[in-house]
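In the numbering used here, the protein residues as written are 22 to 198.
One should not assume that every hint holds.
[Said to hold, decoys possible] Here are the simulated lysine to aspartate or glutamate pairs, EDC-like style, with alpha carbons at most 20 Å apart:
1. Lys112 / Asp92
2. Lys197 / Glu144
3. Lys137 / Glu117
4. Lys112 / Glu154
5. Lys197 / Glu171
6. Lys35 / Asp51
7. Lys163 / Asp105
8. Lys163 / Asp120
9. Lys163 / Glu117
10. Lys137 / Asp164
11. Lys137 / Asp98
These are computed hints drawn from the structure, not numbers from a lab.
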Amino acid sequence: GHGTSPLETVGLTKDGRLLDLSLTVSPIKDAAGKIVGAAGIARDISERRRADQAVRDSAERFRALFDRSVDCIYIHDLNGNFLDANPATLKMLGYEREDIPSLNFASLLSANHLAKARQSLQEFETTGVRRNEVNEFKVRCKDGTWVDVETRITLIPFEGTTRAVLGVARNVTARKR
Numbered sequence: 022g023h024g025t026s027p028l029e030t031v032g033l034t035k036d037g038r039l040l041d042l043s044l045t046v047s048p049i050k051d052a053a054g055k056i057v058g059a060a061g062i063a064r065d066i067s068e069r070r071r072a073d074q075a076v077r078d079s080a081e082r083f084r085a086l087f088d089r090s091v092d093c094i095y096i097h098d099l100n101g102n103f104l105d106a107n108p109a110t111l112k113m114l115g116y117e118r119e120d121i122p123s124l125n126f127a128s129l130l131s132a133n134h135l136a137k138a139r140q141s142l143q144e145f146e147t148t149g150v151r152r153n154e155v156n157e158f159k160v161r162c163k164d165g166t167w168v169d170v171e172t173r174i175t176l177i178p179f180e181g182t183t184r185a186v187l188g189v190a191r192n193v194t195a196r197k198r
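Please build the complete structure, drawing on both the sequences and the hints.
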């Protein structure tokens, strides 16, 4: 005697094509309140389903690239708090995945490089424009040793509306020696 919540299903068109549908059905009652029929609304959600699948596919491609890259890839918020880091980053720095929430670039960069990083990030955030430049930093590993890295960053959306920084870094310590 009550209407249904939208139900997603597949329908067949007259010409034999399959459509993804969202169906809502409500009872039709006579003056005495007796159910005498049903009214249904079907919405074609095929395009939305394709768009949802494209987003899932894109996220899966990004995650595969992120996890398998030999370069260090990391994401931090605009305050420098790390949100994610790939296995190459963790290996280079000597940290574990569970350490990520406690990392901030202020604890990883040398003092003179920290000011440069903050200035670069502020400029980037203010203008939204990042010159295609490579920045070099000294980064402190968990064991206290230092590595030289080249890094490039870009702003990305993160978890809906928050902007974050996506960085790609490469250890250049051996080359510098």
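The hints, checked one at a time:
1. This hinted pair checks out: lysine 112 and aspartate 92 have alpha carbons roughly 11 Å apart, not beyond 20 Å.
2. With a CA separation close to 27 Å, the supplied pair lysine 197 and glutamate 144 exceeds the 20 Å bound.
3. Distance restraint check for lysine 137 and glutamate 117: the Cα-Cα separation of roughly 27 Å exceeds the 20 Å cut-off, and the hinted pair is therefore not satisfied.
4. Between lysine 112 and glutamate 154 the alpha-carbon distance is near 25 Å, which puts this suggested pair outside the 20 Å criterion.
5. For the hint pairing lysine 197 with glutamate 171, the CA-to-CA distance comes to about 11 Å; that is within 20 Å, so the pair holds.
6. Between the alpha carbons of lysine 35 and aspartate 51 the distance comes to roughly 32 Å, so the proposed pair goes past 20 Å and is violated.
7. Of the supplied pair hints, the one linking lysine 163 and aspartate 105 holds, its CA atoms being roughly 17 Å apart against a limit of 20 Å.
8. With a C-alpha separation of about 10 Å, the suggested pair lysine 163 and aspartate 120 falls inside the 20 Å cut-off, and the hint holds.
9. Of the supplied pair hints, the one linking lysine 163 and glutamate 117 holds, its CA atoms being roughly 10 Å apart against a limit of 20 Å.
10. The straight-line distance between the Cα atoms of lysine 137 and aspartate 164 is roughly 24 Å, outside the 20 Å bound, and the hint therefore fails.
11. In summary, the hint linking lysine 137 to aspartate 98 is supported, as the alpha carbons are separated by about 17 Å, within the 20 Å threshold.
Going down the numbered hints, you'll see the structure goes against 2, 3, 4, 6, 10, while the others check out.
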